[in-house]
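Chains as they are written, first to last, in this note's numbering: chain V, 1 to 136; chain W, 1001 to 1391.
Don't read these hints as lab results, they were simulated from the structure.
In this text, a Cβ means the ideal position worked out from N, Cα and C, and glycines have one as well.
You may find that some hints are simply not true.
On the chain W side, residues computed to face chain V include the following (Cβ under 8 angstroms) [what the hints assert, rightly or not]:
| # | residue |
| --- | --- |
| 1 | Asn1069 |
| 2 | Asn1075 |
| 3 | Val1076 |
| 4 | Ala1078 |
| 5 | Thr1124 |
| 6 | Pro1138 |
| 7 | Thr1142 |
| 8 | Pro1144 |
| 9 | Ala1148 |
| 10 | Ser1155 |
| 11 | Tyr1158 |
| 12 | Gly1159 |
| 13 | Ser1252 |
| 14 | Gln1255 |
The calculated label-pair distances, taken between Cβ atoms and stated as ranges, are [said to hold, decoys possible]:
| # | chain 1 | residue 1 | chain 2 | residue 2 | range |
| --- | --- | --- | --- | --- | --- |
| 15 | W | Thr1120 | V | Pro109 | 35 to 41 angstroms |
| 16 | V | Asn45 | W | Gly1368 | 39 to 45 angstroms |
| 17 | V | Asp97 | W | Pro1279 | 42 to 48 angstroms |
| 18 | W | Thr1120 | V | Lys15 | 30 to 36 angstroms |
| 19 | V | Met103 | W | Glu1178 | 45 to 51 angstroms |
| 20 | V | Asn72 | W | Glu1058 | 27 to 33 angstroms |
| 21 | V | Asn45 | W | Phe1074 | 51 to 57 angstroms |
| 22 | W | Ser1101 | V | Val37 | 55 to 61 angstroms |
| 23 | V | Lys99 | W | Asn1017 | 54 to 60 angstroms |
| 24 | V | Asp84 | W | Thr1120 | 34 to 40 angstroms |
| 25 | V | Ala42 | W | Ser1079 | 43 to 49 angstroms |
| 26 | V | Ala42 | W | Asp1367 | 45 to 51 angstroms |
| 27 | V | Asp120 | W | Ala1163 | 36 to 42 angstroms |
| 28 | W | Gly1119 | V | Lys18 | 35 to 41 angstroms |
Chain residues, written in single-letter form:
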Amino acid sequence: MEYKLTFKDYNQALKRDKLMGLKCNDCGAFTCPPMMVCGECARTNHEIAQLSGKGKIVTFTTSFIAAEGRENEVPYTIVMVELDEGPWIMGNLVAIDPKKVTMDIVGKPVQLGNRVYPADKYSNGDMARPAFSLLE
Amino acid sequence: MRRVAVIGTGHSKFCFNSEKTQVEMLAEVALDAINEANITPKDVQAVNVGNVLGDFEEGQGMVQSFLANDIGCFNVAASRFEGACASGSMAVRDAVMWVASGYYDIMLVGGVEKATAMGTPLATRTFAMFGDSRYEFPAGFTFPAVFALLAHLYSNKYGIPMAALKEQMAAVSVQSHEYAMKNPNAQIHKAISKEDVLKSFMVSTPIQLQDACPFSDGAAAIVIASEEAAKKLVKKPVYFAGIGQASSGKLSSQQKYLPRIRARELASQQSYSMAGLTPEDMDLCELHDCFSIAAMIAAEGLGFFDYGTSGLAWEKGETRIGGKIPINLSGGLKAKGHPIGATGVSQVYEVTRQLRGDMAEQGRQVDGAKNGIIDTLGGDGVLVSMILSTM
């Protein structure tokens, strides 16, 4: 059985600011990032769907340390966003001063863009991630 | 299934920059455990080892076979377990099942790590490999960041203002350092105050340096045996009354259940159910406090306190000797240290010695302790729970 939406296809779409996931024909749930099965009902009767890229921040952190090779990125803000379609996704919050981010941003609506992690010797290639900015 | 007991224990001093190799560190504690069990290496039928990053740390993969050979357990089956920070606990649980099944009578289980050899930047990179490499590492995922995300979620979900939560988190670290002072194997022997925690370097908001465990080198080992063999070999076998293990996927996939960790709750329910015991029956607990907020989440997930209230319990001393449930009398990962492959085995060592009454001389014995639980969390996705009992 083939994987419907692979990381390669997800990654290529995200680089064009398109957030791709799966919509389950059985239970209606969206799964994003993609998996082999529906994240809700574990069945495989789903199709590829583009998500809106809109959602609200559920939690965040501003990091002052980073993994080897990413030291020049600090400080940066990681957010967990609940997408309008339901799934939670991890990304960054951009177009803000990371040092000024406080609990006040929880619940704020955001819109997706992307940034690309340029790969290191362990990562098997580059990887885009959601880069959210505050709406308003 | 047969009952299985711990009959021997060994534990190195946890430290920064060990001068020994991983095989040397583990061989020393393995022989201590074998000697305590009144057996010889030839009596060991199989070896399980928790080791996570030996490949990165000293270019050594497959440490389990070299360990077995080095200690004279020549040619026995030797297996390595990798579940990030829960690797040692996985190795123990798996061995318990092999002995319980009747396949083996006596096994050695060890855990070892030499994380400080990597230096902090590479250690941070490799530890981040235990999150989702495709979908979450690109956003700058690190383990401090994971528990920082959970801390803000915890504050929001349970309506605890961040300033109050920070004080509660600090109380967790202060207690761990205090008990570590009494543990000769602890990596850090330094009392700290709430103020020390709150003025320490900000790692990933709201987690500061003194909310976090260190990178560590160290090893621990135990010998386990069937009840029949155990009773012939030692005076005070300590039994595995219950065991449990569960997994979970990438952090975002856990969604609305967070900041609770469902896999922990399932794993501990398995071990309580198997043991026929409840949280109220536990006399002490060694739980996975890689960060202060992680300790609070764990204590609630194991059933000791209502959700959102464990920080108050730490502040009131309910987690100390004499309190409702003494937690991390070893100093915990925070101050005892956290050599990730060894941690689960170290937790079993600690609870075994408490149940044998061996900790009185160190001034941290829970008098008359009969049942103790250990909890280990590995990465996003491996949770192990084990209940040890004198009966």
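task = Taking the numbered hints from earlier one at a time, note which ones the structure violates and give those numbers from smallest to largest.
result = 1, 2, 3, 4, 11, 12, 16, 19, 22, 23 and 25
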